[in-house]
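Student: If you want the building blocks of each chain, they are given just below.
There are 2 protein chains.
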Amino acid sequence: MVVGLGPGNRDSFTAEALTAIREAQVVVGYHTYLNLIPDLIEGKEMVATPMRGEVERARQAVELAAAGKTVAVVSSGDPGIYGMAGIIIEVAGGRVPVKVIPGVTAASAAAASLGAPLMHDFAVISLSDLLTPWETILKRLEMAAAGDFVIVLYNPRSHGRPNHINTARDIMLKYKAPATPVGIVRQARRGQEERTITTLDRMLDVEIDMLTTVIIGNSQTRVAGKYMLTPRGYHL
Amino acid sequence: MVVGLGPGNRDSFTAEALTAIREAQVVVGYHTYLNLIPDLIEGKEMVATPMRGEVERARQAVELAAAGKTVAVVSSGDPGIYGMAGIIIEVAGGRVPVKVIPGVTAASAAAASLGAPLMHDFAVISLSDLLTPWETILKRLEMAAAGDFVIVLYNPRSHGRPNHINTARDIMLKYKAPATPVGIVRQARRGQEERTITTLDRMLDVEIDMLTTVIIGNSQTRVAGKYMLTPRGYHL
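Same order as they appear, the protein sequences are chains A and B.
Residue 426 is where the first sequence starts when you use our numbering, and the numbers rise one by one after that.
Residue 426 is where the second sequence starts when you use our numbering, and the numbers rise one by one after that.
Heads up, some of the hints might be wrong.
Copies of the same chain look alike in the list, so a pair counts if it fits in one copy or across any two.
[Unchecked claim] Think about it this way: if two alpha-carbon atoms lie no more than 25 Å apart in a straight line, the pair counts; the simulated SDA-like pairs of lysine to any residue are:
| id | residue 1 | residue 2 |
| --- | --- | --- |
| 1 | Lys651 | Tyr455 |
| 2 | Lys524 | Asp436 |
| 3 | Lys469 | Gln617 |
| 4 | Lys469 | Val451 |
| 5 | Lys564 | Tyr458 |
| 6 | Lys564 | Tyr600 |
| 7 | Lys564 | Pro656 |
| 8 | Lys651 | Gln485 |
| 9 | Lys469 | Asp436 |
Honestly, the hints are just simulated from the structure, not real lab data.
As the structure is a computational prediction, the values presented were derived from the model and not from experiment.
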């Protein structure tokens, strides 16, 4: 089982995720997530793994499952969106069945904190080029901006690629007005959440790192009081 | 509070959503959703509303909140994705504070049932032209396909627009190979879930209606045993 814990603390888990962890004989995951659930994993076999090393984590999980154990691989957000679901299915190669338990993804969590920016068609793009050619990412940024999508950026900046977000912003400015609202949420729905609503031309003044989700509005997005809003088009 | 119940039954609710409903004095929602939570709403004021009429539902909720009540507007999925969050913020107009509690959206739910189709950048597009010009939707379908996004279609077909899905498929075929995997999930994560993995050229042979979510792969998406998989690009 590949289990999504949602964006935040215990109250972002679904009942189904809790049940999956309770039923598992082995729980595999990054230390940070295991530390959220000490009561649920007490007495179980545990495989705590470092942040990278997804392939090794998947191999361990699949080996344990192939040996007859019920295994839960836990991660934050939705494991089906840039998460562990894919690599587990690849490594399993049909030897063991894989069940994905979805969670609330970062796009939903950041949007909820900002108001309602995703009432309309949107594109989700990761700026990490660790596993994707940068040219592919650039093409997608162009197409999403040309299509007037609301655009959600995952992994907007890391030490290894500090300037990708600048390039992404410049592409946006070819198609979107400088005053387009941009929402920036760090640690969405966690205790230390930081939330800023700014504009496309000023967004780079805000601190953006790997724990941040960036939502860039479409041509209809506006600021409504404290909220970022992409109206759906109702006649009021 | 605008509260997302997730895609399915009680086990798709987050703890935060349950708490919000428990704390509310008034619960507003479509009959179907209120019927899922009889124990949670017992003794509370309720406003059950028909499927359409979102504006009227929002007005009632805001009036009650302005009168000092704690109100929870409940809906399935994530209220921040094509849901009630936007219209509530619009109607509230700053008179009452609005808090959005996110839920697992249909894209995540359908993806989990199919395997791991959303491991890579994706676009979410609604084919409903009730509130969006059809030309805008066509443009977005073109751009998303040209950008080699995985594409998630919400509201793929209704009685009023039975052929939009055919047009969408034809646009996809301009950019994507006929053998591109397509996942079709009806009633994702509910008791009567139906799940099909087919190809772009044959997808119209499958029954598609308003309760269906359609996920069209990118150029890397493949079928891996029983699963639809868009690999992330790990070296195995």
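Student: As a check of your reading, is Lys564 near Pro656 (CA-CA no more than 25 Å) within one copy, between copies, both or neither?
Tutor: Between. Shortest inter-copy distance 19 Å satisfies the 25 Å Cα cut-off; intra-copy 27 Å does not.
Student: One pair to classify: Lys564 and Tyr458, alpha carbons no more than 25 Å apart. Within, between, both, or neither?
Tutor: neither (34 Å within a copy, 41 Å between copies)
Student: Between the shortest in-copy and the shortest cross-copy C-alpha distance, which are at most 25 Å for Lys651 and Gln485: within, between, both, or neither?
Tutor: between (46 Å within a copy, 22 Å between copies)
Student: My question is about Lys651 and Tyr455: at a cut-off of 25 Å on alpha-carbon distance, are they close within one copy, between copies, both, or neither?
Tutor: For Lys651 and Tyr455, the Cα distance exceeds 25 Å both inside one copy (35 Å) and across copies (28 Å).
Student: Treating 25 Å as the Cα threshold, decide for Lys469 and Asp436: within, between, both or neither.
Tutor: Classified as both: same-chain Cα gap 22 Å, cross-chain 23 Å, threshold 25 Å.
Student: What label fits Lys564 with Tyr600 when the C-alpha limit is 25 Å: within, between, both, or neither?
Tutor: both (13 Å within a copy, 14 Å between copies)
Student: Using 25 Å as the alpha-carbon threshold, which applies to Lys524 and Asp436: within, between, both, or neither?
Tutor: both (22 Å within a copy, 15 Å between copies)
Student: For Lys469 and Val451, with the copy left unspecified, which applies at a CA distance of at most 25 Å: within, between, both, or neither?
Tutor: within (6 Å within a copy, 42 Å between copies)
Student: When no copy is specified for Lys469 and Gln617, does a C-alpha distance of 25 Å or less occur within a copy, between copies, both, or neither?
Tutor: Neither: 30 Å inside a chain and 33 Å across chains, both beyond 25 Å.
In the structure shown, a violation is registered for the earlier hints numbered 1, 3, 5, in ascending order.
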